[in-house]
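Those protein sequence lines, which keep their order, are chains P and W. The opening residue of the first sequence carries number 1 in this note's numbering; numbering runs sequentially from there. The opening residue of the second sequence carries number 1 in this note's numbering; numbering runs sequentially from there.
Errors might be hidden in some of the hints.
Where chains are identical, the list cannot tell them apart; a pair therefore holds if satisfied intra-copy or between any two copies.
To be verified - In silico DSS-like cross-links for lysine-lysine, where the CA-CA straight-line distance does not exceed 30 Å:
| no. | residue 1 | residue 2 |
| --- | --- | --- |
| 1 | Lys-266 | Lys-39 |
| 2 | Lys-58 | Lys-115 |
| 3 | Lys-404 | Lys-430 |
| 4 | Lys-48 | Lys-404 |
| 5 | Lys-248 | Lys-342 |
| 6 | Lys-39 | Lys-156 |
| 7 | Lys-82 | Lys-24 |
| 8 | Lys-450 | Lys-248 |
| 9 | Lys-48 | Lys-232 |
| 10 | Lys-117 | Lys-305 |
| 11 | Lys-342 | Lys-24 |
| 12 | Lys-305 | Lys-266 |
| 13 | Lys-236 | Lys-115 |
| 14 | Lys-450 | Lys-232 |
| 15 | Lys-404 | Lys-300 |
| 16 | Lys-176 | Lys-430 |
| 17 | Lys-176 | Lys-340 |
| 18 | Lys-176 | Lys-431 |
| 19 | Lys-229 | Lys-248 |
| 20 | Lys-115 | Lys-342 |
| 21 | Lys-248 | Lys-305 |
| 22 | Lys-300 | Lys-39 |
| 23 | Lys-275 | Lys-232 |
| 24 | Lys-176 | Lys-93 |
| 25 | Lys-229 | Lys-275 |
| 26 | Lys-156 | Lys-24 |
The hints are simulated quantities; they were obtained by calculation from the structure and are not laboratory data. All of these numbers come straight from a predicted model, not from anything done at the bench.
Number of protein chains: 2
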Amino acid sequence: MPALKSLFEATSVAIVGASDDPHKIGGRPIAYMKRLKYKGQLIPINPKNDTIQGLPAKRSLLELDAPVDLAVVAVPDAFVEKVIQEGLQLGIKNFVVFASGYAEINQQGIDKQAKLKALFDGTDARLLGPNCLGFINTETQLVASFTTAMEQHPLKVGGLSFAGHSGALGAYWLDKTIRADIGVSKWVSSGNEANLSLDEIVAYLATDSQTTVISLYIEEIRHPEKFEKALKLARKNNKPVIALKGGKTAAGARATAAHTASYPLKGVDYQAIFKRTGVIEVHSLSEMIHCSQFFLGGHKLLGNKVGIISISGGAGVMLCDQLEEHGLTIEPFSHPLHDKIKPLLSDFSTVQNPVDLTAALVAQPNMLRDTTRQLVDSNEFNVVVIFMGLMDSVAQQLTNGLLKLKNNPACPVLVIWMGGQAALLADIAKKGMLVFEEIPDLVTLLSNVKP
Amino acid sequence: MPALKSLFEATSVAIVGASDDPHKIGGRPIAYMKRLKYKGQLIPINPKNDTIQGLPAKRSLLELDAPVDLAVVAVPDAFVEKVIQEGLQLGIKNFVVFASGYAEINQQGIDKQAKLKALFDGTDARLLGPNCLGFINTETQLVASFTTAMEQHPLKVGGLSFAGHSGALGAYWLDKTIRADIGVSKWVSSGNEANLSLDEIVAYLATDSQTTVISLYIEEIRHPEKFEKALKLARKNNKPVIALKGGKTAAGARATAAHTASYPLKGVDYQAIFKRTGVIEVHSLSEMIHCSQFFLGGHKLLGNKVGIISISGGAGVMLCDQLEEHGLTIEPFSHPLHDKIKPLLSDFSTVQNPVDLTAALVAQPNMLRDTTRQLVDSNEFNVVVIFMGLMDSVAQQLTNGLLKLKNNPACPVLVIWMGGQAALLADIAKKGMLVFEEIPDLVTLLSNVKP
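Model the full assembly from the supplied sequences, consistent with the hints where possible.
Structure (structure tokens):
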């Protein structure tokens, strides 16, 4: 079995420190897997109870008849070492350790983490953590995590995967994918990386058949050469990689040391690695989500040419400025396209790029659909951007028109709708057209995905 | 009476081209002013009807007994000239012209605009427009505009004013102030500026006693010296000026020409003017609104020192990086402050800047309030930034704690709450703490307002 498959695709899991309380750290993974119907075998381990959340429990790992694929260690840090020793003795190959209080706090913690790491020396067993939130695999509904982000809503199953040092940022990422209705495959919080670091996780995701887009939150790159090799593998397999990098400044690096015992300024030139491997660097989770949606929608930007259709002259001006400042180009229409567009507009409209639909759109809502179709079909643009604002009285008709357009993979359509109606925007987004509230968000996306 | 007061503070208004239909261009100003109880005299002018929307109407301006302060000209472009001539004949000093089809379309339009402008030569009468959306003065509820942005909700009365070339962007700005519950004083759409341009409008706002913060959308700066003088006056009167600049690139300038007949690349170095006068340049309406809220809340950033409190180590790292990259500083705590903070946190937390509250916050929600109070009262920071995410189970308690804090003008508190609950965030915002969804939005604000 390839590296890490038996960890991330475990078909039998023991939860050590299992709790009857579904809100406790040792209770949450069990509650999630029961609710989501985990497709493997789930065994709670608890020294006192015969059953946990209705499932038959064992007193310790040593009572198991055979080694499980994975032991999730949800006990306080003082008991972690003993649990790992018992698991290794039984022949378990994969462990997740949630507890904190290791190399991220002080010298005593550094020593404690060194001892934990040493337990794995000379074995082929692997450890995710400590000081991590674990991982999720939606394919089998394996939730080896105590994140609270899925308490209200489950994850949708899909092709987007995430791995990163920060559990909390990972949780906010989960929350954002749920709100944006994005399908997720794997989610991994790597914490202090005593044994297993991001490079190996990225290599796993790069060959994982369920994963189509990879997103990362990176503090320290512990093994630059292995990391770069993994990123190259992702590129070879046509999986876009989108990364947030933390700890780029002196103050940021002070903070990573106390967070996940990461020392990101130790001389690794992450920007050079990103450049050589085509990694897209983003600066917020929202930006990461927008980028992911673009690729998950099957879009690709094949060139820099943007066609713009706007209800506001001023917004068209701002779009032109900001797109040109970010390396996109807004070129005038060819004569044939000009002649096709002219009869679609009112007499007052100047036919140029951007097209200013003016208030005439209220009387002729089909103007938006027809103009968009002409621009998309002209082969003169790599992407068409629509700017709308308010327009409550005809918003439904405008939306219906957009939904009638055929997808053209060579020319995606993106929409900014300022003060738009949430339900209509959701319909447009479902059709595969990304929708934004503000101009800079869209400009940033195009700047990120441009060739 | 100082320049433009009789226009923007008109106590009698005639609407020429008045309509019974409250959705038509000539009906909407009347409908708004009736609904909002305009404090002056409102006279509809219509060649056929004796009453308009229930108000007694005159057949033409020439039938008025005495000149009104302002004539709003809501007739098609072919009739504009005649209406102005009649108004001037009667001695009316102020006109607003909505019609488009002038210098923004072609040579014929340029000639038509020159004729319109010439009507005012040798008079002291003034014209706002053509090709504009008019203006609003909330003090008297004078709505000399057909904007649709207030159809659902009226404007709140307050100290924020806006002037700009784009009517549509102005309308989105109105919509955003309504959604953000921001009080507005004057709102002006200047359009093609045949007679009255932004420089004079800024000079008016700079001395207007109702206006405390000025926001601008600028395409062409037609009179750079007068414009700079007006901005200096605003500065002298302690009114922050926040500006969006359109038409900075070749493509953007092509678009402004067709929009408001503006030629922004004619050699005016707007950035130099902004720098000399302290104008804050923003890049989106959202950024403009955030900046306005900061100043309207009475906040001021007196230095670059930021104290950070975070529920997520990773978010603390990203905040440090992005703030330092934008010229803010995150310095370690003094020993006395360190000793005050230590007992407030869990044993696992490293006491440093950023403070990582960790999941211990769930058990002790007062930790947030107490830590924030210590940082604000320490005089070691010019602003305190709080990062929260999710935390649904204790969100109400955390909010209550924050609401108990006393405002310290020398150290504003800003909040990022990712995936937060809308109702609680609104409570926090009402208390004067700005609330953001994402890190870059807050970083951009601090970068804009830093000394």
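A quick look at each hint next to the structure:
1. Lys-266 <-> Lys-39: neither (42 Å within a copy, 68 Å between copies)
2. Lys-58 <-> Lys-115: within (27 Å within a copy, 93 Å between copies)
3. Lys-404 <-> Lys-430: within (13 Å within a copy, 43 Å between copies)
4. Lys-48 <-> Lys-404: neither (62 Å within a copy, 44 Å between copies)
5. Lys-248 <-> Lys-342: between (51 Å within a copy, 27 Å between copies)
6. Lys-39 <-> Lys-156: Close inside one copy (16 Å), not across copies (56 Å); limit 30 Å.
7. Lys-82 <-> Lys-24: within (21 Å within a copy, 79 Å between copies)
8. Lys-450 <-> Lys-248: Both ways: Lys-450 and Lys-248 sit 24 Å apart in one copy and 22 Å across, limit 30 Å.
9. Lys-48 <-> Lys-232: neither (49 Å within a copy, 76 Å between copies)
10. Lys-117 <-> Lys-305: neither (52 Å within a copy, 39 Å between copies)
11. Lys-342 <-> Lys-24: Between copies only: 26 Å across, 65 Å inside.
12. Lys-305 <-> Lys-266: between (40 Å within a copy, 26 Å between copies)
13. Lys-236 <-> Lys-115: neither (38 Å within a copy, 66 Å between copies)
14. Lys-450 <-> Lys-232: within (19 Å within a copy, 41 Å between copies)
15. Lys-404 <-> Lys-300: Result: close within a single copy only, 21 Å intra versus 50 Å inter.
16. Lys-176 <-> Lys-430: For Lys-176 and Lys-430, the Cα distance is within 30 Å both inside one copy (16 Å) and across copies (25 Å).
17. Lys-176 <-> Lys-340: Neither, since 41 Å and 36 Å both go past 30 Å.
18. Lys-176 <-> Lys-431: both (19 Å within a copy, 27 Å between copies)
19. Lys-229 <-> Lys-248: This pair counts as within: shortest intra-copy Cα distance 22 Å, inter-copy 42 Å.
20. Lys-115 <-> Lys-342: between (75 Å within a copy, 28 Å between copies)
21. Lys-248 <-> Lys-305: between (33 Å within a copy, 19 Å between copies)
22. Lys-300 <-> Lys-39: Result: close neither inside a copy nor across copies, 35 Å intra and 57 Å inter.
23. Lys-275 <-> Lys-232: within (11 Å within a copy, 45 Å between copies)
24. Lys-176 <-> Lys-93: Result: close neither inside a copy nor across copies, 33 Å intra and 56 Å inter.
25. Lys-229 <-> Lys-275: within (13 Å within a copy, 47 Å between copies)
26. Lys-156 <-> Lys-24: within (24 Å within a copy, 47 Å between copies)
Checked against the numbered hints given earlier, the structure breaks hints 1, 4, 9, 10, 13, 17, 22, 24 and satisfies all the rest.
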